[in-house]
Amino acid sequence: MTRATEDFEEFARARTPRLYRTAWLLAGEHHLAEDLVQETLAKLYRSWRRIDHVESLPAYAQTVLARTYVSQRRRRSSTEQPSATLPDRAERPGDPELRLSLQQALAELAPLDRAVLVLRFFEDRSVEQVALDLGKTAGAIRTRTSRALDRLRAVLGDEAVHLTTL
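Residue numbers (UniProt numbering): 1 to 166.
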């Protein structure tokens, strides 16, 4: 095994849980999240020797994941619908029903709106980072964030008030 392959495997082992978390928030289904992570890791592996100049490999991997998600959603059939169920995460604090409501509400958003909200608020990325990740301007991301939050609040209704407990 070459040193580059060993480096990639080490990186993949360390980053896969974080990539999966983001993928699951984006895709809304376990198997779709796994597919998204697998495709992301495959893309990273194919370009591994060329990306050694990247300042932050974890951030680059998240960018590849976000762009792969948006590309997949563009190609996906309109007949497929995300599942409304969450995986069992008993160790997490907060109200499980509220988390389920949030996941269902996120599933109703357009793919790009969901990507913006997940990257901004679940991954705690700046507007500029999200803009780079998704190939948009910072102004477009701010506008999309505002509109997506309005849509999310409309879908959640009264439950939106309780989201700070998550």
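Some hints could be false.
Just the calculated beta-carbon pair ranges, DEER-fashion [said to hold, decoys possible]:
| no. | residue 1 | residue 2 | range |
| --- | --- | --- | --- |
| 1 | Asp-7 | Asp-150 | 22 to 32 Å |
| 2 | Ala-154 | Glu-34 | 42 to 52 Å |
| 3 | Ala-154 | Arg-73 | 15 to 25 Å |
| 4 | Thr-2 | Ala-107 | 16 to 26 Å |
| 5 | Thr-5 | Phe-121 | 10 to 20 Å |
| 6 | Ser-146 | Ala-14 | 32 to 42 Å |
| 7 | Glu-9 | Gly-135 | 34 to 44 Å |
| 8 | Asp-150 | Ile-51 | 29 to 39 Å |
| 9 | Asp-124 | Arg-73 | 16 to 26 Å |
| 10 | Arg-3 | Ala-140 | 16 to 26 Å |
| 11 | Arg-3 | Ala-42 | 15 to 25 Å |
| 12 | Ile-51 | Pro-96 | 19 to 29 Å |
| 13 | Arg-99 | Arg-73 | 14 to 24 Å |
| 14 | Arg-147 | Tyr-45 | 19 to 29 Å |
Think of the hints as simulated: they come from the structure by calculation, not from any bench.
The beta carbon of each residue, even a glycine, is placed where N, CA and C say it ideally should be.
Consistency of the hints with the structure:
no. : hint                           : verdict
1   : Asp-7 <-> Asp-150: 22 to 32 Å  : violated, 44 Å
2   : Ala-154 <-> Glu-34: 42 to 52 Å : violated, 31 Å
3   : Ala-154 <-> Arg-73: 15 to 25 Å : holds, 21 Å
4   : Thr-2 <-> Ala-107: 16 to 26 Å  : violated, 41 Å
5   : Thr-5 <-> Phe-121: 10 to 20 Å  : violated, 35 Å
6   : Ser-146 <-> Ala-14: 32 to 42 Å : holds, 35 Å
7   : Glu-9 <-> Gly-135: 34 to 44 Å  : violated, 29 Å
8   : Asp-150 <-> Ile-51: 29 to 39 Å : holds, 37 Å
9   : Asp-124 <-> Arg-73: 16 to 26 Å : holds, 22 Å
10  : Arg-3 <-> Ala-140: 16 to 26 Å  : violated, 40 Å
11  : Arg-3 <-> Ala-42: 15 to 25 Å   : holds, 20 Å
12  : Ile-51 <-> Pro-96: 19 to 29 Å  : violated, 39 Å
13  : Arg-99 <-> Arg-73: 14 to 24 Å  : holds, 22 Å
14  : Arg-147 <-> Tyr-45: 19 to 29 Å : violated, 36 Å
Against the hints set out earlier in the document, violations occur for numbers 1, 2, 4, 5, 7, 10, 12 and 14.
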